[in-house]
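Enquirer: Just so you know, the sequences run in chain order A and B. Heads up, the first sequence is in my numbering, so the first residue is 11 and it goes up one at a time. Heads up, the second sequence is in my numbering, so the first residue is 215 and it goes up one at a time.
A portion of the hints provided could be inaccurate.
[As the list claims (entries may be wrong)] The following label-pair restraints were derived from C-beta to C-beta distances:
1) B:GLU270 - A:THR30: 38 to 46 Å
2) A:GLN32 - B:LYS282: 36 to 44 Å
3) A:GLN32 - B:LEU260: 20 to 28 Å
4) B:GLN274 - A:PHE20: 29 to 37 Å
5) A:THR15 - B:SER240: 46 to 54 Å
6) A:ASN75 - B:ASP241: 26 to 34 Å
7) A:ASP48 - B:VAL268: 28 to 36 Å
8) A:GLY73 - B:GLU270: 39 to 47 Å
Hints are computed from structural coordinates only; laboratory data are not their basis. Note that beta-carbon positions come from the ideal geometry of N, C-alpha and C, so glycine has one too.
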Amino acid sequence: NAGVTQTPKFQVLKTGQSMTLQCAQDMNHNSMYWYRQDPGMGLRLIYYSASEGTTDKGEVPNGYNVSRLNKREFSLRLESAAPSQTSVYFCASRDPWTGTNEKLFFGSGTQLSVL
Amino acid sequence: GENVEQHPSTLSVQEGDSAVIKCTYSDSASNYFPWYKQELGKRPQLIIDIRSNVGEKKDQRIAVTLNKTAKHFSLHITETQPEDSAVYFCAASEEGGGADGLTFGKGTHLIIQP
């Protein structure tokens, strides 16, 4: 059981380049999330998708776009990368309405450096 | 929206001693409070959680307490071991209230001194 799989694991970009981070889950979860983790800042929510076909902004959405391609996949796109987007990105999923399954499952992370 | 404050940011304890990490939250509607452990270079993983209808929960050397009136909750680790060294995050959300994600504290770096 793979859980949450995200790619790539590492990426170096130049300022202004674009890229897409891919995420897929095989737990049949309705909700998926993208967080970024910066030293001393904890985990901050970028965007989330409550269910297939919906997406909403989180705490730090500027400079990012997302696509919920289907129930399994949720991608994060940086259209024009900036050094301030250097961070570790985590995809996560859960099913918050089942009453006993609020547990958030994380992918292994993507370490992104923007030069 | 919810705001979660976590203290201390760094905690160093002797192996075998206890460690306590404290969090406060702002939204009285929050009723689900998980704790995540993140080892260096790894993903965060849930270690224990508590819901608002429970005041305390234990799992071997780990316990979490919740004071809804004061809006704070704490993680207690007893008989600390080297493998407890990690960054710990508290979080809060409203169970069943939507899918807008967990709000995390900024983390506590726990260092276990041999």
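Enquirer: Checking against the hints above, which ones are violated?
Expert: The structure conflicts with hint 5 only, although it agrees with all the remaining ones.
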